[in-house]
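A.B. asks: Chains as they are written, first to last, in our numbering: chain D, 27 to 352; chain F, 27 to 352.
Simulated from the structure, these hints should not be mistaken for laboratory data.
The model shown is predicted, which means the values in this text are computed figures rather than measured ones.
You may find that some hints are simply not true.
As the list makes no split between identical chains, a pair holds if one copy fits it or if it spans any two.
What the hints assert, rightly or not - Keeping only pairs whose Cα atoms sit at most 27 angstroms apart, straight-line, the calculated DSS-like set for lysine-lysine is:
{"no.": "1", "residue 1": "K298", "residue 2": "K137"}
{"no.": "2", "residue 1": "K325", "residue 2": "K138"}
{"no.": "3", "residue 1": "K137", "residue 2": "K325"}
{"no.": "4", "residue 1": "K298", "residue 2": "K211"}
There are 2 protein chains.
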Amino acid sequence: MQKIRLGIVGYGNLGRGVQYAAKQNSDMEVVAVFTRRDPAGVKTVLPVKVDKYENMKNYVGKIDVMILCGGSATDLPKQSAEVASMFNIVDSFDTHAKVPEHYAALESAAKKAGTLGAMSVGWDPGLFSLARIIFGSSLPEGNTYTFWGRGVSQGHSDAIRRIEGVKDARQYTVPVESALERVRKGENPELTTREKHTRECYVVAEEGADKARIEKEIKTMPNYFADYDTTVHFISEEELLKNHGGIPHGGLVLRSGKSAAENKFLMEFSLKLDSNPEFTSSVLVAYARAVYRMHGEGKTGAVTVFDVAPKYLCPLSEEEQRKQLL
Amino acid sequence: MQKIRLGIVGYGNLGRGVQYAAKQNSDMEVVAVFTRRDPAGVKTVLPVKVDKYENMKNYVGKIDVMILCGGSATDLPKQSAEVASMFNIVDSFDTHAKVPEHYAALESAAKKAGTLGAMSVGWDPGLFSLARIIFGSSLPEGNTYTFWGRGVSQGHSDAIRRIEGVKDARQYTVPVESALERVRKGENPELTTREKHTRECYVVAEEGADKARIEKEIKTMPNYFADYDTTVHFISEEELLKNHGGIPHGGLVLRSGKSAAENKFLMEFSLKLDSNPEFTSSVLVAYARAVYRMHGEGKTGAVTVFDVAPKYLCPLSEEEQRKQLL
Chain D
27 MQKIRLGIVG YGNLGRGVQY AAKQNSDMEV VAVFTRRDPA GVKTVLPVKV DKYENMKNYV
87 GKIDVMILCG GSATDLPKQS AEVASMFNIV DSFDTHAKVP EHYAALESAA KKAGTLGAMS
147 VGWDPGLFSL ARIIFGSSLP EGNTYTFWGR GVSQGHSDAI RRIEGVKDAR QYTVPVESAL
207 ERVRKGENPE LTTREKHTRE CYVVAEEGAD KARIEKEIKT MPNYFADYDT TVHFISEEEL
267 LKNHGGIPHG GLVLRSGKSA AENKFLMEFS LKLDSNPEFT SSVLVAYARA VYRMHGEGKT
327 GAVTVFDVAP KYLCPLSEEE QRKQLL
Chain F
27 MQKIRLGIVG YGNLGRGVQY AAKQNSDMEV VAVFTRRDPA GVKTVLPVKV DKYENMKNYV
87 GKIDVMILCG GSATDLPKQS AEVASMFNIV DSFDTHAKVP EHYAALESAA KKAGTLGAMS
147 VGWDPGLFSL ARIIFGSSLP EGNTYTFWGR GVSQGHSDAI RRIEGVKDAR QYTVPVESAL
207 ERVRKGENPE LTTREKHTRE CYVVAEEGAD KARIEKEIKT MPNYFADYDT TVHFISEEEL
267 LKNHGGIPHG GLVLRSGKSA AENKFLMEFS LKLDSNPEFT SSVLVAYARA VYRMHGEGKT
327 GAVTVFDVAP KYLCPLSEEE QRKQLL
């Protein structure tokens, strides 16, 4: 069997995760990694060719799907359409406010090139989006709730690190258990930002830094922390590395609804992930399979997880799927 | 806007549920109920025309999707293909061993008639099947577990009622909490039938019946109870009606897996349903929308939940879906 030939664009945590994930799928192989850094300086977790981003065009016809592993702030807004002008792609674009814009650019580039691009793939957006649409469609009268955590927020950790006197930091987003219980009981509560999540910060201060000031700066930081109940723990660098070295995450999507005869229903989807980027990568690889197959059936343009029938994700034949999984 | 015109074939708990569910979807209307009984004797929960099963052919062009609400044992094997020769259909066929046969018959009838039929829709098969395929595709290395309950099993309740001296009975299937915990911990246990579920029976005995014999007959009944830890409670008829009058159900699909770098992941989907048939009906109605739309795009033949892109289930436009749910 001809394997699905993948390319990886950008080699950080997500790119490494895609290499690991491809290894677990016997119908996949990674042909090359593309980087804007010096390829000689990129050390991959498994042996694979590393080439310059600019050389990508030489791989047309040799790679079936490019998995874009850059960030949503600056990389993907440029790269998704650019790469889609040559290859099928999957990206994990997650800047919610800019989804329409990103979709339009990808749709235009991919349609023109006759390629297919799946955007905003991962777990949120991605699998959590699937839960939201399927739950909402199954129970039209009800409320949907998304909780994130317990997990490390990279953005919030970075925000703490930018404070003067902070050497390193890790921020955990934590769902409020009592809020979750109210949802599970079918109370359909209106929950404020503060009522849904708390923020736990583990901070390594520089020698002699003013910890009281650092704590105050964190807790009053607008957008990031001011709207939350935030706790700050000062710890040693050793403790940070030992107990907070991973990138775990997870969360829940719940829908609480009722029938016209007033019977109550609760639908719940949850994830507990030891490694956020490695799970996201694993989902990206499954959608690369879908993109490959749908493109093979003639589909071009931009799609999201909403447009992908589940059969395309699974390596089994449709007959086997019905037999083993239905 | 032209509403999606539904027909209901068979009017038991599921048919009633479809009427209730359609009421919650403003883009749907129920045109008629079809029954093999005397239509005059069918009392519907909401006002609707009731007609004979044989008269269905007079509604071609007046109904967009027929929702089949009969049983999998004898009704659907005959009706699904028969009705699909005239209309788009959705059914909840759940005899797992006969899925290939049912699929082939529906595919053939629907292709020939130019209609579209969605089979095995509901929560299991249905939403649980979606969880199994999406979870398995997202985490190729791992184990999937399905637990059912706590909920009433109609088949097992009926089996108890057939025992001499039993006036009425209700059987609950209950997941074993400790087994569930082992799965959640990532132990990936091999679980026997007995280790996954227990069976709780609430029995109303006839006046003067031999309760010890009844209990023994239940606990040793092959296929139904012999392979399970079964408890039998004799209660009064009043208590049965008061505390066990509903048809609740639910369950969980879990997948425990890991990355090639040995990081662990847990995916979990669960349902808690006050009314099993009303929830199933609500899912059938969402898939009726999908069938209507996919048929409008030219799709014919048989499909399962694996073949339906989530966008088709949701009444929102694709643009609104991306904006509100992605």
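A.B. asks: Check each numbered hint from earlier against the structure, then list the numbers of those it violates in ascending order.
C.D. replies: Hint 1 is the one this structure does not satisfy, whereas the remaining hints hold.
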